[in-house]
Amino acid sequence: MKRYLRHPFWQSGLVLIAAYLVVTLGIAYLPPILGIASAPVPGSVVLQYMATVLVGILLYVSSDEDRWREFKEPVEVMLTSPDKRYVRSALLVAIPALIGVLTFFQVRPTVAAPPNLRSIHPAPPSQISFRGQPIVLDRLENPLRHEGDLNEHLAVGRRTYYQNCVACHGDALDGNGHFADAFSPRPLEFGTSTIAQLTESFVFWRIAKGGVGLPREGAPWNSAMPAWEDVLTEDEIWSVSIFLYDQAGVSPRTWEAE
Amino acid sequence: MTFRRIGRGSLRLLLATLFVAPFLTDVLLAQEAVGAVREYGDFPVIGARGAVWIAAQVHLLFAAFVLGVPMFAIGAEAIGIFKKDTRYDRLAKEFTRLLVIAYSATAIWGAVLVFFLTTLYPAFWGHLASIFEVSMWFYVGLFFFESFTLYLYYYGWDRWKLGRAKLGHWGLGILLNIWGTAVMLIANSWLSYMMSPPAEMTPDTAPEMVQFWSAFANATWMPINIHRIIANVVFGGAIVAAYAAYRFLLAKSDEERAHYDWMGYVGNLIAIGALIVLPFAGYYLGREIYEYNQQMGITMMGGFMSWLWIIQAVLIGVLFLAGNYYLWVGMGRIPGAERFTPYIKYMLVVLVIGVIVWATPHTMIADRDELAAMGGTHHPFLGALGVMSAKNTAVNLMILTTFLSFLLYRRANLRPTIAWARSGTIVQGLLFAMAAAVVLFFGIYGYFVTAIVRIGFSVYQVLAVLTAIVGVVVLDVFMARGAESRGEIRWGQMPARSQYALFVLVVTFTWLMGLMGFARSGIRQHWHVWEVMRDTSPWAATPALGPAAQMISVCVLIFLVLIAFIFWLGGLIEKPQLVVRLRPDDPRVGERDPAVHGSELDFLPAD
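Residue numbers (my numbering), protein chains in the order written: chain A, 1 to 258; chain B, 1 to 607.
Do not take every clue at face value.
Here are the simulated DSBU-like cross-link-like pairs (lysine-lysine), alpha carbons at most 35 angstroms apart as the crow flies [stated by the list, open to error]:
#1 A:Lys-72 with B:Lys-345
#2 A:Lys-84 with B:Lys-83
#3 B:Lys-84 with B:Lys-161
#4 A:Lys-72 with B:Lys-252
#5 B:Lys-161 with B:Lys-83
Covered, in the sense of this in silico footprint (three residues per stretch, anywhere, with C-beta under 8 angstroms from a C-beta of chain A), are these stretches of chain B [said to hold, decoys possible]:
#6 52–58
#7 236–248
#8 302–310
#9 363–374
#10 377–391
The hints are simulated quantities; they were obtained by calculation from the structure and are not laboratory data. Every residue, glycine too, gets a C-beta built ideally from N, C-alpha and C.
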């Protein structure tokens, strides 16, 4: 057993298995034990991680001449040694069969929608038209943060949110509203999302124009978000923005360092 | 003789291009004056955009080659002159020979690009020409000077090889670089104008009303100049290394193998060394794009083009891994390196984790079930690796690790003799540790501050890494003085697989140039000139990543096939002259041995 454990070929196999277990099970189940939220890693990312680990292993074993020779030894023995002919035959059947099975599961038709590579942050235009009035988004700040009582704006934002947004984005702002399951992609959540990386002018634009108001270059995009400019006033949208940042516990991105 | 014929042929072609280009401009301007210019032409099968894309990309790759290699050549020639090491002089000459051939290929593709632009995008070309006509005349003039300086530089190599004449020859090399850089600066102004025209321009502004200098020195011109100059050095080094690998694999004698092994090492050193600085220039360019227009910035980093950065991260990860791998394998031929080899696995772990972190997407590709399990497109745990804090930390630690590999490689066969060698090594170790600590501190702290503050942290991380690199190098230079050798490097005793790492480097660099060129150009979206001149052709839509990747791959393939042909031609024209170092009392010193498998071999005394 020790002999196998010291051999670079079997060591590589063990490292590969260990890495797979960490990526598929460790990341999903270990952080919750420590009270940190986690979830299973998507297949595309598992593939990416495992390919990187495999390349790393191959680089390591082949970076030294003796280690490389030793690593190749079991493969060469299996391919050439007369007393390994049964193992060889079994592997020559098993490996293509395994590849065939994996290929089948990759390409078989399913009812699930294919994974979608969509733009999460489509580029905003420099200027938009809000109810016929031009608004320059570039360097635009939320005017309500410097006017009137912030708590009042927050209250307006809360009321507006619960009257119009809660059905999709949820009462905990976690994207789990009553209608959430009907949409793909699901409604945005504001807890761990990237809202802190966005300026408020971006949030204003998205609420005002919704999915239908996205520029052509925003594709690939499939959002069911309505254009709220026909329903809400400019101040109500700015108030909702104040409410969202307040609830997420983050500040909006500023145009310049403060 | 064959070479001379090719030289004359390329000269004729160049002259033809030089004369035709201004006439075309005039013809188009005249056409525009009578209002007879159609807006777009068509090209069979691949369309007008595809044709221009291929011509522009392959021209640019050759241009990078003919600008990067002269930088490499004058550096190598200078080492040859001032350190009196003939190997470097031969190295420079060998590359200038390839340059002469590559230069005509650059001109051919440049002519193809001009013809495609004038026939397929005549209105757009007319717009550019009416603003930049003066700089276009200068461009062809400089091209003329550059060509003849190159011919003088190459053909005068053996004539002006001694004393002051050699310094004069080196001066020609510097002049060649000046012409080449000036040509690049002019061409950069045209393409950067397309991205960032003067702010006062609108679609109604007549091109004749635009002030030339404000269009020429536009907002992104200088960042692109800096980024391209450094990238050309990287590319030049990678091409040199790939050429050396090609010749190494074909070598029939130990001397040839030794020569090309050494050449590959030098090319790799330059490529990876300059690559370490390149991200900082790229960061400056990205920042200027954001400053100029937020929409372009978001399209590039957070919107449609954001997935390109994940692909870029994977490719740069490949570069780091391949560059380090080459050094690690190379340690096998250095006496004394065995004391450092146990550390390879730790460096590899840092690099692999670095690549994993750097290439972790913030928005993951997932099917419906996976999305439901994650509660959105962001993974609740791995999402933390998708933001810039994690990525900057990863890449800075990868740069530090790569530098450590170089340091161990360089020090492998040296035994310092100075009294403070041990203290010096400890200080070097502390510099490494401090840089890593600063990088980690700001990487973690970045999660607790706002985005705009976090952006500033990357500057501190970069400064920490650069300070450590400079400090360690300075100390190392002093520590290496008078050091004893643990044994000569056994040049040529490299396994063939190490040479494939050099091929991986050049293919990856070339692909990266195409990819990031697409990102830079693609963020203009449906504008020929951003918010000034709209693309109304059937090809106006920005291509999705798949078709773009296919097109980039086609361009890379065309370039690599042509470069392989040039490498082959380089060997056909003239056999390389190899230099073998011998003891001064060796009877073969001063002799030439043309019998070594067709190579010409100079036996010179060791320094």
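Comparing the hints with the structure gives:
{"no.": "1", "hint": "A:Lys-72 with B:Lys-345", "result": "holds (19 angstroms)"}
{"no.": "2", "hint": "A:Lys-84 with B:Lys-83", "result": "violated (59 angstroms)"}
{"no.": "3", "hint": "B:Lys-84 with B:Lys-161", "result": "holds (12 angstroms)"}
{"no.": "4", "hint": "A:Lys-72 with B:Lys-252", "result": "holds (27 angstroms)"}
{"no.": "5", "hint": "B:Lys-161 with B:Lys-83", "result": "holds (15 angstroms)"}
{"no.": "6", "hint": "52–58", "result": "violated (count 0)"}
{"no.": "7", "hint": "236–248", "result": "violated (count 0)"}
{"no.": "8", "hint": "302–310", "result": "holds (count 5)"}
{"no.": "9", "hint": "363–374", "result": "holds (count 12)"}
{"no.": "10", "hint": "377–391", "result": "holds (count 8)"}
When held up to the earlier numbered hints, the structure conflicts with 2, 6 and 7 and fits the remainder.
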